[in-house]
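J.: Please arrange chain B on chain A, whose structure you already have, making use of the hints.
Line by line, the protein sequences are chains A and B. For what it's worth, this note's numbering labels the leading residue of the first sequence as 1, then goes sequentially. For what it's worth, this note's numbering labels the leading residue of the second sequence as 223, then goes sequentially.
Calculated from the structure, these hints are not laboratory results. Some hints could be false.
Just the calculated beta-carbon pair ranges, DEER-fashion [claimed, not checked]: (1) A/N149 <-> B/G331: 52 to 62 Å; (2) B/N260 <-> A/K178: 20 to 30 Å; (3) A/R47 <-> B/S329: 28 to 38 Å; (4) A/D145 <-> B/K261: 47 to 57 Å; (5) B/G431 <-> A/K178: 19 to 29 Å; (6) A/D105 <-> B/H376: 54 to 64 Å; (7) A/M1 <-> B/D270: 40 to 50 Å; (8) B/A315 <-> A/K178: 47 to 57 Å.
Covered by chain A, per the in silico footprint, the following chain B stretches (three or more residues, Cβ under 8 Å) [unchecked claim]: (9) 223 to 235; (10) 335 to 347; (11) 375 to 381; (12) 403 to 414.
Here are some of the chain B residues that sit facing chain A, going by a computed Cβ distance under 10 Å [what the hints assert, rightly or not]: (13) I370; (14) C385; (15) E389; (16) G390; (17) T419; (18) N437; (19) I442.
Glycine is no exception: its CB is placed at the ideal position from the N, C-alpha and C atoms.
2 protein chains.
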Amino acid sequence: MKIGIIGSAHVAQTVGGKLVQMGHDVVLGTRDPSKLDNKKGGGGTLRDWLGAHPSGRVATNAEAAAHGDLLINATNGDGAINALTLAGAQNLAGKVLIDISNPLDFSKGMPPTLFVKDSDSLGELIQRTFPDAKVVKTWNTMTADVMINPALVHHGDHTIFVCGNDEGAKSAVSDLLKTLGWHDILDLGDLTAARGTEMLLPIWIRLWGTLRTGNFQFKIVR
Amino acid sequence: MKIGIIGSAHVAQTVGGKLVQMGHDVVLGTRDPSKLDNKKGGGGTLRDWLGAHPSGRVATNAEAAAHGDLLINATNGDGAINALTLAGAQNLAGKVLIDISNPLDFSKGMPPTLFVKDSDSLGELIQRTFPDAKVVKTWNTMTADVMINPALVHHGDHTIFVCGNDEGAKSAVSDLLKTLGWHDILDLGDLTAARGTEMLLPIWIRLWGTLRTGNFQFKIVR
Numbered sequence: 001m002k003i004g005i006i007g008s009a010h011v012a013q014t015v016g017g018k019l020v021q022m023g024h025d026v027v028l029g030t031r032d033p034s035k036l037d038n039k040k041g042g043g044g045t046l047r048d049w050l051g052a053h054p055s056g057r058v059a060t061n062a063e064a065a066a067h068g069d070l071l072i073n074a075t076n077g078d079g080a081i082n083a084l085t086l087a088g089a090q091n092l093a094g095k096v097l098i099d100i101s102n103p104l105d106f107s108k109g110m111p112p113t114l115f116v117k118d119s120d121s122l123g124e125l126i127q128r129t130f131p132d133a134k135v136v137k138t139w140n141t142m143t144a145d146v147m148i149n150p151a152l153v154h155h156g157d158h159t160i161f162v163c164g165n166d167e168g169a170k171s172a173v174s175d176l177l178k179t180l181g182w183h184d185i186l187d188l189g190d191l192t193a194a195r196g197t198e199m200l201l202p203i204w205i206r207l208w209g210t211l212r213t214g215n216f217q218f219k220i221v222r
Numbered sequence: 223m224k225i226g227i228i229g230s231a232h233v234a235q236t237v238g239g240k241l242v243q244m245g246h247d248v249v250l251g252t253r254d255p256s257k258l259d260n261k262k263g264g265g266g267t268l269r270d271w272l273g274a275h276p277s278g279r280v281a282t283n284a285e286a287a288a289h290g291d292l293l294i295n296a297t298n299g300d301g302a303i304n305a306l307t308l309a310g311a312q313n314l315a316g317k318v319l320i321d322i323s324n325p326l327d328f329s330k331g332m333p334p335t336l337f338v339k340d341s342d343s344l345g346e347l348i349q350r351t352f353p354d355a356k357v358v359k360t361w362n363t364m365t366a367d368v369m370i371n372p373a374l375v376h377h378g379d380h381t382i383f384v385c386g387n388d389e390g391a392k393s394a395v396s397d398l399l400k401t402l403g404w405h406d407i408l409d410l411g412d413l414t415a416a417r418g419t420e421m422l423l424p425i426w427i428r429l430w431g432t433l434r435t436g437n438f439q440f441k442i443v444r
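With the rest of the complex left out, here is chain A:
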C-alpha cells in the first residue's frame, strides 16, 4: 500500500520502518528533507533511517501526503495542525488519516498536561480542520515499539482502541492493524471517543514512571 507519514521523529520512524519492512511503499514527510543528518526528536537521523530502510523515502509533508493512499499523522500533538496544514488539505481529502498524536503540553515541565481535553480532543480538532480527511484515532495509547509489535507485551494479549466517523476508514485501519499482529481491536465508535483515549495519557505517563518501562499495555477485560 502507498503510505504517507506526516512526521519524521521517533514514532514516525518506528511505524514507517516497520511498514517498509512489510513491503509497503512508504514516504516519510518532514519539514526540510535536506536535513537528513539532524536527529529528530526522540528518534535518530533520517539518513540512518534511510540506510536501515533502503526502499523507504523521505520527502516534504506535502509530498508524503500526496503519495499516500493511506496517511498517518505521527507528529507531536502541538505540531499536528501545522504539519497537516503543510501537508495540504487537498492531499488529505478523501483519504484515511490515522491520527496517533496526543495533545501533550510540555511547556510547564513534567508531567505534561493536555492542551485539549474533556469536551473536545485533538482527533476531533484535526477532523474539523480537515473535514475531507477520514480521521481514525488509534495507536495513541502505547509506545511506538508496541504499536508495531503488540507481541512485545505479554504475547499481544491486550487492547487497541480505534474510533472515527467513517466506518470504511476504521475497517481499513483495523485490517492494517491485524497484519501487525493486533487481535483485540476495540471500536469505540465515532471520533468523540478520542476524548477518552487521549485522556488515558496522564495515567499512561504515570504508569511509565511507576513500572519504569513503556512496554505495558491497557487491556479491557470483559
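T.: What follows is chain B alone, placed relative to chain A:
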C-alpha cells in the same frame, strides 16, 4: 473493623453491604437518616438496605465519620466536599479516607465532563480541604459490583489502582482490598496520580456504552 461510609447511594450501599457481610461494623452516613424510605440516587431505600444488612446502621455523616476507624467517601463527586464537611474535619483527622468519588459534571447532559482534571484532581482537592485525613484514592475506575467482587469480571484477572500520600494508609487499604479478592493492586504513588485515574472516566463511560455493560475492567498488562 469499624468503618464509616460517607454517602448512602448505590456505591455506598453496595460497598457497605459487602463490608457488613464480611463482619465489619459499618455505619452508612446520610444527610437525613430519618428519610429511610427515599430511594437514594442509583440505589434502593435505606430501609431496604437495613433489612438486608441487619447489623449495619444508618446515621448522619458526622456520626458515620466519628464511628469509623477507616472511612470511605462514596458520595457523588459534586457532593463530596460538602458531605465531608458535614462529616466534620475533626472526625476525619488522622484516619484513612478511601476516596471513590469522581469529578463528574452531568450539568450539560451525557456524557459528563470532569469538573477538575489534568493539573489537579478531586482526590487532591479533598486532601487539601482535609489535610489531616489520609486520603487513598481507589475503586473509582469500576462499577460498584466489581469493587466488592473482582471475580465478577474474568476471574478477577485485572487491575485496581491505589494512590495516596501516606504509605501506611495505602498499605491498610491494600490489605482490605485483598480480603475482597483483589490480586493486582497497583500502587501509582502519591495522590497526584488521582489525576490519571479520574481521567479514566471518559473512556470508562464510553466503554460502558460500547460494551453495554459495566462489568468490564482495565488490566495493566506488563
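J.: Hint by hint, where does the structure go against what was stated? Just the numbers, ascending.
T.: 1, 2, 3, 6, 7, 9, 13, 15, 16
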